[in-house]
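All chains, full assembly: derive it from the sequences and hints.
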Amino acid sequence: EAQVTQNPRYLITVTGKKLTVTCSQNMNHEYMSWYRQDPGLGLRQIYYSMNVEVTDKGDVPEGYKVSRKEKRNFPLILESPSPNQTSLYFCASRPEDRVLLGSYNEQFFGPGTRLTVL
Amino acid sequence: QKEVEQNSGPLSVPEGAIASLNCTYSDRVSQSFFWYRQYSGKSPELIMSIYSNGDKEDGRFTAQLNKASQYVSLLIRDSQPSDSATYLCAVNMAGTGFQKLVFGTGTRLLVSP
Chain A
1 EAQVTQNPRY LITVTGKKLT VTCSQNMNHE YMSWYRQDPG LGLRQIYYSM
51 NVEVTDKGDV PEGYKVSRKE KRNFPLILES PSPNQTSLYF CASRPEDRVL
101 LGSYNEQFFG PGTRLTVL
Chain B
1 QKEVEQNSGP LSVPEGAIAS LNCTYSDRVS QSFFWYRQYS GKSPELIMSI
51 YSNGDKEDGR FTAQLNKASQ YVSLLIRDSQ PSDSATYLCA VNMAGTGFQK
101 LVFGTGTRLL VSP
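So the sequence lines, in the order shown, correspond to chains A and B. Numbering of the first sequence is given in our numbering, commencing with residue 1 and proceeding in unit increments. Numbering of the second sequence is given in our numbering, commencing with residue 1 and proceeding in unit increments.
Rather than coming from a laboratory, the hints here were simulated on the basis of the structure. Treat the hints with care, since some could be wrong.
[Said to hold, decoys possible] Below 30 Å or equal to it, Euclidean Cα-Cα: the simulated DSBU-like pairs (lysine-lysine) are:
1) B:LYS100 x A:LYS69
2) B:LYS100 x B:LYS2
3) B:LYS42 x A:LYS65
4) A:LYS71 x B:LYS42
5) A:LYS69 x B:LYS67
6) A:LYS69 x A:LYS17
7) A:LYS57 x B:LYS2
8) B:LYS42 x B:LYS2
9) A:LYS18 x A:LYS57
10) B:LYS42 x A:LYS18
11) B:LYS67 x A:LYS57
Right, here's the structure in full:
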């Protein structure tokens, strides 16, 4: 089954304790992204990756790190979590853009990780 | 001005009615438009994509795009209580070497039996 998986699904932690949220896709997609979703603010992109070893900041990258050592995996790292990083996090993947056709390929989301930082 | 704007709702419709959800966007060169459905606490699920002006129908769903007015809408015919969810409009916009997908904050739809 084609899917994006995330782990853990739920996490409660304390300020300053480093954590990693894993993301994996089995669709051989080039592009992967991390979003956070907060009430009233919608989905905001944290980081994205266009391929292995190619990553860049999204709209709200402060306090987060990512890596893309393998095509299928795109972990999100919080080196020193703070309460303002309490949120619902989604990983997403999609195929490479069909630039010549001027279209943007459909994006698939993982099930989400609800993080609470105390 | 927000890049993608939606009325937050809730939009309340009775079962069997047509629900009309609207979205405006700021980037004139955007070419790809998507509607996602999201149930509370769950991940967004793609229900429609549209790339050309006009209407695109898929079952009970119809997406409408008007690039001149920078407007995209979603019609849900014969609305069912199971359609109650938040509907997210997403639009591709040019990023730095990357076409990023920008989401609206969503419209909450409530379908009453």
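Would you mind confirming whether the straight-line C-alpha gap from LYS42 (chain B) to LYS2 (chain B) stays at or under 30 Å?
-> Holds, at roughly 24 Å.
Is the straight-line distance between the alpha-carbon of LYS42 (chain B) and that of LYS65 (chain A) 30 Å or less?
-> holds (24 Å)
Going straight from one Cα to the other, do LYS18 (chain A) and LYS57 (chain A) come out at no more than 30 Å?
-> Answer holds: LYS18 (chain A) to LYS57 (chain A) is near 20 Å, not above 30 Å.
Measure nothing beyond the straight line between the CA atoms of LYS100 (chain B) and LYS69 (chain A); if it is 30 Å or shorter, mark the hint as holding.
-> holds (22 Å)
Does LYS100 (chain B) pair with LYS2 (chain B) here, judged by a C-alpha cut-off of 30 Å?
-> holds (15 Å)
30 Å limit on alpha-carbon distance, applied to hinted pair LYS69 (chain A) and LYS17 (chain A) | It holds: about 23 Å lies between the C-alpha atoms, which stays within 30 Å.
Hey, LYS71 (chain A) versus LYS42 (chain B), does the alpha-carbon distance stay inside 30 Å?
-> holds (25 Å)
Are the Cα positions of LYS42 (chain B) and LYS18 (chain A) separated by 30 Å at most?
-> holds (25 Å)
Between LYS67 (chain B) and LYS57 (chain A), does the CA-CA distance stay at or below 30 Å?
-> holds (29 Å)
Measure nothing beyond the straight line between the CA atoms of LYS57 (chain A) and LYS2 (chain B); if it is 30 Å or shorter, mark the hint as holding.
-> It holds: about 20 Å lies between the C-alpha atoms, which stays within 30 Å.
Take the C-alpha atoms of LYS69 (chain A) and LYS67 (chain B), compute the straight-line distance between them, and say whether it is at most 30 Å.
-> With Cα atoms ~39 Å apart, LYS69 (chain A) and LYS67 (chain B) exceed 30 Å; violated.
Consistency note: the structure conflicts with earlier hint 5 alone.
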